[in-house]
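Q: Let chain A serve as the given structure and place chain B on it in line with the hints.
Protein chains: 2
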Amino acid sequence: MELLVPLDPQSGMPLYEQIYRFIRDEIRKGNLRAGERLPSSRLLSENLKVSRSTVQMAYDQMMAEGYLETVPCKGCFVADTQGLAGFGEADSKNDMGKRMTSPGEKEAGEPVFSGKIDFSPRGIDLERFPFGIWRRLNRDTLVDDNRELFGPGDPKGEMDLREAIRSYLHSARGVNCQARQIIIGAGSQYLLMLLSRILGDSHRIAMENPTYKQAYRVLKGQGYPVCPVDMDRFGMRPDLLEETNADIAYVMPSHQYPTGIVMPVKRRQELLDWALKEEGRYLIEDDYDSEFRYRGMPIPALQGMDKEGRVIYMGTFSKSIAPAIRIGFLVLPEPLLKAYEEKASFYASTVSRIDQKVLYQFLEKGHYERHLNRMRAIYKGKHDALLGALKSLEDRFFIEGEYAGLHILLTNKKGLEEGKLAALAAKEGVKVYGLSSYFIRSKQNQYQSTLVLGYATLTKEEIEEGISLLNQAWKDV
Amino acid sequence: MELLVPLDPQSGMPLYEQIYRFIRDEIRKGNLRAGERLPSSRLLSENLKVSRSTVQMAYDQMMAEGYLETVPCKGCFVADTQGLAGFGEADSKNDMGKRMTSPGEKEAGEPVFSGKIDFSPRGIDLERFPFGIWRRLNRDTLVDDNRELFGPGDPKGEMDLREAIRSYLHSARGVNCQARQIIIGAGSQYLLMLLSRILGDSHRIAMENPTYKQAYRVLKGQGYPVCPVDMDRFGMRPDLLEETNADIAYVMPSHQYPTGIVMPVKRRQELLDWALKEEGRYLIEDDYDSEFRYRGMPIPALQGMDKEGRVIYMGTFSKSIAPAIRIGFLVLPEPLLKAYEEKASFYASTVSRIDQKVLYQFLEKGHYERHLNRMRAIYKGKHDALLGALKSLEDRFFIEGEYAGLHILLTNKKGLEEGKLAALAAKEGVKVYGLSSYFIRSKQNQYQSTLVLGYATLTKEEIEEGISLLNQAWKDV
Chain A
1 MELLVPLDPQ
11 SGMPLYEQIY
21 RFIRDEIRKG
31 NLRAGERLPS
41 SRLLSENLKV
51 SRSTVQMAYD
61 QMMAEGYLET
71 VPCKGCFVAD
81 TQGLAGFGEA
91 DSKNDMGKRM
101 TSPGEKEAGE
111 PVFSGKIDFS
121 PRGIDLERFP
131 FGIWRRLNRD
141 TLVDDNRELF
151 GPGDPKGEMD
161 LREAIRSYLH
171 SARGVNCQAR
181 QIIIGAGSQY
191 LLMLLSRILG
201 DSHRIAMENP
211 TYKQAYRVLK
221 GQGYPVCPVD
231 MDRFGMRPDL
241 LEETNADIAY
251 VMPSHQYPTG
261 IVMPVKRRQE
271 LLDWALKEEG
281 RYLIEDDYDS
291 EFRYRGMPIP
301 ALQGMDKEGR
311 VIYMGTFSKS
321 IAPAIRIGFL
331 VLPEPLLKAY
341 EEKASFYAST
351 VSRIDQKVLY
361 QFLEKGHYER
371 HLNRMRAIYK
381 GKHDALLGAL
391 KSLEDRFFIE
401 GEYAGLHILL
411 TNKKGLEEGK
421 LAALAAKEGV
431 KVYGLSSYFI
441 RSKQNQYQST
451 LVLGYATLTK
461 EEIEEGISLL
471 NQAWKDV
Chain B
478 MELLVPLDPQ
488 SGMPLYEQIY
498 RFIRDEIRKG
508 NLRAGERLPS
518 SRLLSENLKV
528 SRSTVQMAYD
538 QMMAEGYLET
548 VPCKGCFVAD
558 TQGLAGFGEA
568 DSKNDMGKRM
578 TSPGEKEAGE
588 PVFSGKIDFS
598 PRGIDLERFP
608 FGIWRRLNRD
618 TLVDDNRELF
628 GPGDPKGEMD
638 LREAIRSYLH
648 SARGVNCQAR
658 QIIIGAGSQY
668 LLMLLSRILG
678 DSHRIAMENP
688 TYKQAYRVLK
698 GQGYPVCPVD
708 MDRFGMRPDL
718 LEETNADIAY
728 VMPSHQYPTG
738 IVMPVKRRQE
748 LLDWALKEEG
758 RYLIEDDYDS
768 EFRYRGMPIP
778 ALQGMDKEGR
788 VIYMGTFSKS
798 IAPAIRIGFL
808 VLPEPLLKAY
818 EEKASFYAST
828 VSRIDQKVLY
838 QFLEKGHYER
848 HLNRMRAIYK
858 GKHDALLGAL
868 KSLEDRFFIE
878 GEYAGLHILL
888 TNKKGLEEGK
898 LAALAAKEGV
908 KVYGLSSYFI
918 RSKQNQYQST
928 LVLGYATLTK
938 EEIEEGISLL
948 NQAWKDV
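Those protein sequences? They're chains A and B, same order as listed. Here the numbering used here is used: the first residue of the first sequence is 1, the next is one more, and so on. Here the numbering used here is used: the first residue of the second sequence is 478, the next is one more, and so on.
Chain A on its own, in the form it takes in the complex:
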């Protein structure tokens, strides 16, 4: 089959995005059907007279979003996306120049490590934080005219900041909401506590397994039965979800923590269908690090596919700005806004109005976008250095979860247990983390030999040295 993609080099839109949009729209319109095979990237690049990497980026994006699937040694096929008629609207608002984001709560309580190199999956690179700008915004905010900022504020957070977040979420994440649906709070843990008060007590909550344990502990702490649900390579399994009798499912579709799984469109729709099947079911979408993708465009939020108000969207600035600023937010669907007013609007905001104002300026003046772009390039450099160095381990390890986020997964091909791998690494002064600690009460899991390697806080040199040491440590595994 031949694809005649009309390309306009003068349009200002990158060629790979033009290819992506054209093919995606063909799939949506039904002109390309499930199971149809696409030309190889080599062939299409020759036909279109563009570089192969340009085509590959477009394909990667569509695979990440679930429009395409690869079958090893056979090629690339249009995925089954039936029932997605309403989907087109939201993510077409997706804008490649902007992105957005979430958590950092993953850091508290991390023990100090005394070895040489620590591949901690927590933490972010603070070296490039625009300290001067932040200081200047603080100074400009703390002027006498702003004295009223010391008075009590809106329980939901400052309106101008909520409006800036709304605008950002809309263009960068395809999230559809009004500012009045946004509630700002001091971090995702607090916001989950607040959300619990809005939802009330009688719910069962399903979570991906493995998952973000801090969220699990908060939800357990609020008294909810939490049902771990196994994932396949597309994410949480809807059949198992249905079996749990849960009425709320907490998921991380853009980049699952810790597996790095990107949930394809079809699975997202299946989860939405699950939510729609009974009154009062909700999905909590934790969009914690969606701004860091190193191939293609950001993947639109699940929230944008939801026309019925069944998705509760959560984001934070902990990963994208700094954990210390303690600002995150909830986007409540309409049906829950009433419950918020009745049950939780008496909770005063947990974020200082001055800090809210500074963040507002940071977003409004374009600093956030510039900072994200800079950090994305920096993290991509580290990511690429890590992948490059890992080639030396490919004979012994599978590599997964790459091209997004701030960590990758490494699985021993012989199935050597994670504790042993970590012990060998420690002897060489390198700290690595097993995946099993992310599991909710599972003694058996398919990740017994998998390690999580975070690279955000390391330099390229440290990453290379670390992998070299690991290569030495694991020479016989």
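What the hints contain is simulated information worked out from the structure, not anything from laboratory work. Incorrect hints may appear among the rest.
[Said to hold, decoys possible] Pairs of lysine-lysine residues, derived as DSS-like cross-links and limited to a Cα-Cα distance of at most 27 Å, are as follows: (1) B/697 with A/338; (2) B/690 with A/338; (3) A/220 with B/820; (4) B/820 with A/213; (5) B/593 with B/815; (6) A/220 with B/697; (7) B/937 with A/343; (8) A/220 with B/815; (9) B/820 with A/343; (10) A/213 with B/815.
Note that the coordinates shown come from a computational prediction; the quantities given were computed from them, not determined experimentally.
A: This is chain B only, laid out in the frame that chain A set:
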């Protein structure tokens, strides 16, 4: 009876404090016994060759603390303080030059009022906030050397700030604790949520009735049965408390909100005795506005009387600095520290590290103390203006809860209902607030004709104009 108080004008300690300390110690040693009558302030001032107001201040302080009682037309007597042997240690550390604090959460959700003068009991006077100093501390904190402040912090809060709070609480409030017992959080509502996770679910909580409704709603929201307990003029009644089968009692001994009742020493001891009677009982002491007293010294915290780790102390900087800074703290007794480590230490701090650092500097450099002293003088001026103006209403109203805090109570002698009083006031453009909204499910209460008049946000002129208008509005009640 004659009291030979040894006074040393050169000691640097104010004369009234010398008198207070001497008589208090005589009572503690048993040299002055319950029921003994003290000389009148006129007589004692003549004997000691000091002004009568000096003696009166010492007496007022002892009355507020429960060491003395007045019997109208008869004089001043030593109160029954038996069983208080262990009490002496803590509050002798009380330092007259310093004071400390709490809430401001009382503000959220206040509707806008369009009349002339609003005697809202919420809000504080922000006109005198040392904006320049706060800005400078921010600027000095946001220097490149402090880059690490953007990384994740201690879940309990920054150690230096906790140490500064410990030191302050010790000298100003007689609170005995280590910095490791202090947990900093974004406001008293969040801290109550966190405390609920530390305490666990199976408790019954007793609260004074009327009380601080926001705290009531948070505790109800956490699923606890909350038992309202009536007060007499000394505060929560221990006999009624015992009947509730509650195992936790939430009290505001220094200045009950909203009644303004100062709990005498004897009642404090009775509550401590109640807590000690069974394993696992606790008192939550909300010390929300103890820094604003306009006669005598601050009253030491109940926590300082507790030798067995049964008091959970709560404070905030919302009233004493500004509601917008969103910083409060818990002081956990030893037995609950373990529970914190097990059940709640995974909650990341809800306060920005930068904000914590700025507050630390504010305390450490003496700005807080100076600010408090200035605000105390300003509020005292408003308080005195209000009391002066209220003389015109004394024929029709009882006045209570004066000399502390930021509001007073006004009760109609004829028992006219609060709604009618408020309606008459509104006609003259003055907004006043009924006390009944502070009650937990009570249709009948002894405050049917009582109004709460806050004065923090008004100028002296507004206060005088407001009372003049009320005098007009209520000329026939």
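Q: Verify the proposed pairing of residue 593 of chain B with residue 815 of chain B, using a straight-line Cα cut of 27 Å.
A: Roughly 53 Å between the alpha carbons, so the hint for residue 593 of chain B and residue 815 of chain B is violated.
Q: Keeping to a limit of 27 Å between CA atoms, is the pair of residue 820 of chain B and residue 213 of chain A held or broken?
A: Status holds; Cα separation ~13 Å.
Q: Assess, step by step, whether the Cα of residue 220 of chain A is no farther than 27 Å from the Cα of residue 820 of chain B, and give holds or violated.
A: At roughly 10 Å apart (the allowed maximum being 27 Å), residue 820 of chain B and residue 220 of chain A satisfy the hint.
Q: Please verify whether residue 820 of chain B and residue 343 of chain A have alpha carbons no more than 27 Å apart.
A: Holds, at roughly 25 Å.
Q: Tell me if the straight-line CA distance from residue 690 of chain B to residue 338 of chain A falls inside 27 Å.
A: holds (21 Å)
Q: Would you mind confirming whether the straight-line C-alpha gap from residue 937 of chain B to residue 343 of chain A stays at or under 27 Å?
A: violated (38 Å)
Q: Is it true that the CA of residue 220 of chain A sits at most 27 Å from the CA of residue 815 of chain B?
A: Holds - the C-alpha atoms of residue 815 of chain B and residue 220 of chain A are around 19 Å apart, at most 27 Å.
Q: Would the pair residue 220 of chain A and residue 697 of chain B pass a check requiring their Cα atoms to be no farther apart than 27 Å?
A: holds (18 Å)
Q: Do the alpha carbons of residue 697 of chain B and residue 338 of chain A lie within 27 Å of each other, as the hint requires?
A: Cα-Cα ~19 Å, so holds.
Q: Decide if the proposed pair is consistent with the structure: residue 213 of chain A and residue 815 of chain B, CA atoms, cutoff 27 Å inclusive.
A: holds (21 Å)
In summary, the structure is inconsistent with hints 5 and 7 from the numbered list given earlier, while agreeing with the others.
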